[in-house]
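Q: Residue numbers (this note's numbering), protein chains in the order written: chain A, 2 to 279; chain B, 2 to 279.
Simulated from the structure, these hints should not be mistaken for lab results. A quick note: this is a predicted structure, and the numbers were derived from the prediction, not measured. Watch out, some of these pointers could steer you wrong.
Note that the list lumps identical chains together, so a pair holds whenever it fits in one copy or between two copies.
Taking lysine-lysine and the DSS-like style, the derived pairs with C-alpha atoms no more than 30 Å apart in a straight line are [claimed, not checked]:
hint, residue 1, residue 2
1, Lys-219, Lys-234
2, Lys-179, Lys-234
3, Lys-235, Lys-179
4, Lys-236, Lys-205
5, Lys-33, Lys-234
2 protein chains.
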Amino acid sequence: MNKTNMLTIAYLGPEHTNAHLAAQQRFGRTAKYLHAPTVDDVFSAVERRRADVGVVPVENSLEGAVTHTLDRFIDFVDTPVAIQGEIEQPIHHYVILGRGMQPQTVRLVFSHPQALAQCRRWLSQHMPHAALRETNSTADAVSYVLENTRVRAAIGRKELAEAHGLRALPISSDRENKTRFLVIGLGRPRKARRNKTSVLFGVKDRPGALYDALVPFKRNRINLTKIESRPSKKKAWEYLFFIDLEGHASDPRVRKACEGLERSASFVRVLGSYPTGK
Amino acid sequence: MNKTNMLTIAYLGPEHTNAHLAAQQRFGRTAKYLHAPTVDDVFSAVERRRADVGVVPVENSLEGAVTHTLDRFIDFVDTPVAIQGEIEQPIHHYVILGRGMQPQTVRLVFSHPQALAQCRRWLSQHMPHAALRETNSTADAVSYVLENTRVRAAIGRKELAEAHGLRALPISSDRENKTRFLVIGLGRPRKARRNKTSVLFGVKDRPGALYDALVPFKRNRINLTKIESRPSKKKAWEYLFFIDLEGHASDPRVRKACEGLERSASFVRVLGSYPTGK
Numbered sequence: 002m003n004k005t006n007m008l009t010i011a012y013l014g015p016e017h018t019n020a021h022l023a024a025q026q027r028f029g030r031t032a033k034y035l036h037a038p039t040v041d042d043v044f045s046a047v048e049r050r051r052a053d054v055g056v057v058p059v060e061n062s063l064e065g066a067v068t069h070t071l072d073r074f075i076d077f078v079d080t081p082v083a084i085q086g087e088i089e090q091p092i093h094h095y096v097i098l099g100r101g102m103q104p105q106t107v108r109l110v111f112s113h114p115q116a117l118a119q120c121r122r123w124l125s126q127h128m129p130h131a132a133l134r135e136t137n138s139t140a141d142a143v144s145y146v147l148e149n150t151r152v153r154a155a156i157g158r159k160e161l162a163e164a165h166g167l168r169a170l171p172i173s174s175d176r177e178n179k180t181r182f183l184v185i186g187l188g189r190p191r192k193a194r195r196n197k198t199s200v201l202f203g204v205k206d207r208p209g210a211l212y213d214a215l216v217p218f219k220r221n222r223i224n225l226t227k228i229e230s231r232p233s234k235k236k237a238w239e240y241l242f243f244i245d246l247e248g249h250a251s252d253p254r255v256r257k258a259c260e261g262l263e264r265s266a267s268f269v270r271v272l273g274s275y276p277t278g279k
Numbered sequence: 002m003n004k005t006n007m008l009t010i011a012y013l014g015p016e017h018t019n020a021h022l023a024a025q026q027r028f029g030r031t032a033k034y035l036h037a038p039t040v041d042d043v044f045s046a047v048e049r050r051r052a053d054v055g056v057v058p059v060e061n062s063l064e065g066a067v068t069h070t071l072d073r074f075i076d077f078v079d080t081p082v083a084i085q086g087e088i089e090q091p092i093h094h095y096v097i098l099g100r101g102m103q104p105q106t107v108r109l110v111f112s113h114p115q116a117l118a119q120c121r122r123w124l125s126q127h128m129p130h131a132a133l134r135e136t137n138s139t140a141d142a143v144s145y146v147l148e149n150t151r152v153r154a155a156i157g158r159k160e161l162a163e164a165h166g167l168r169a170l171p172i173s174s175d176r177e178n179k180t181r182f183l184v185i186g187l188g189r190p191r192k193a194r195r196n197k198t199s200v201l202f203g204v205k206d207r208p209g210a211l212y213d214a215l216v217p218f219k220r221n222r223i224n225l226t227k228i229e230s231r232p233s234k235k236k237a238w239e240y241l242f243f244i245d246l247e248g249h250a251s252d253p254r255v256r257k258a259c260e261g262l263e264r265s266a267s268f269v270r271v272l273g274s275y276p277t278g279k
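Could you put together the complete structure from these sequences and hints?
A: What follows is the structure, given as structure tokens:
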């Protein structure tokens, strides 16, 4: 908390991106927002107390894990940063183009790789002759459109088009598209009615190691809502695992399961217990 | 096999990319090579018999799964394509720049996002003032350098620099960087001395479902070398799993384990049994 008692929130920017909107959804419009160009910068801002909390994407329901965020916990395994919460946000993509322009005349479509991937089917049907260009953010994509609105378009949120006086056409999808964001900070949140705990662990190099790691959770009747493997980066084809489980690290059953995990794992780090988001 | 008996190999192109070199490493220089711009195009070339086999990246030891490749098996779950083999390739990155130029004068570095990610630490030390630009391939990155060799550089293989008369400086790394490629085709390879089997499965929505899915492998003493979760894309936060196991689908123990898996899973698809690569 800074001197004025106004919460400072670092988010994966630039402005008007999904992370910015997710942060505003949770912390309101009166907080102080600090945009950071990379996931690493969001973590650093929190570690150096330039921000009270950070908001970073961790998973999309279509494209999967945001590996930059997971790997930040691996690369800086001793970070004092803990997960304090999660924010779930429905994603609605729009084609953003000059006023009076039509999708058929577009020759170049700019967007973040995840947005392009999520709209691939729609683009191949509605703009079959447009080439795709990856950008660092959906906001960056719009800046390319502003350079030449006659043949260029971007994919992003409606708000981005509004901010620049451009037109936004909805991209329909029959698939559930949501992004989950993590709220990170140095403190530990109060225990809520329904909690979730995130754990990072490594397994010893022996057959059945992952199975053995899961036994204590089964035995203590703890439900895992998610498991994600990531390269250890120390040895090729050696993995670390991220799990999310229902419950709080201080719950007796969760504590027992984590103690069991510690006996079979090569290392265990609880990344945080936090209220189950929505 | 086409009429002339010369094998046609589709690979994730353009030329001189890692997939091209991995394909040449396995199939030699006399085969016919067909470059395909996307992972999906490689699969399609094999499905439509325009190529006998395809070569696509599936995993990097630092950056993890190549999700495009995994998701192609999910999006077209009834594809007749099977995994026929794997190729492991060490990756050595080079800074590619104009002859006589120095890294310090570079202002823009172009490369594939995975290559940029793998070299981030080196770049921040040796080219702290260069901005990074993502491209579709390392070969594309070099074409940007050719437009302006005075301030631009690319990251890619040494061979790419040689092909264009540019200079290549090695990027040192203390971390093991390897990419694993899959060989895909319509036939089923002969059983080798040491085999690996890849399986895709879904779990039913109930507590302990993943644990239950792993029990038959533990019980039949089958070693899992890898597990990867991916979004089902049908419902948010519902996952499918890819596992690699030691053994051949026709081995009695593997067969028993897969039968056990079928009893607890929502669906099971064996993606192929193939010789363990190197």
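Q: Each of the hints needs a verdict: does it hold here or not?
A: Tested hints:
no., hint, result
1, Lys-219 to Lys-234, "both (29 Å within a copy, 26 Å between copies)"
2, Lys-179 to Lys-234, "both (29 Å within a copy, 11 Å between copies)"
3, Lys-235 to Lys-179, "between (32 Å within a copy, 12 Å between copies)"
4, Lys-236 to Lys-205, "within (13 Å within a copy, 33 Å between copies)"
5, Lys-33 to Lys-234, "neither (36 Å within a copy, 35 Å between copies)"
Checked against the numbered hints listed earlier, the structure breaks hint 5 alone; every other hint is satisfied.
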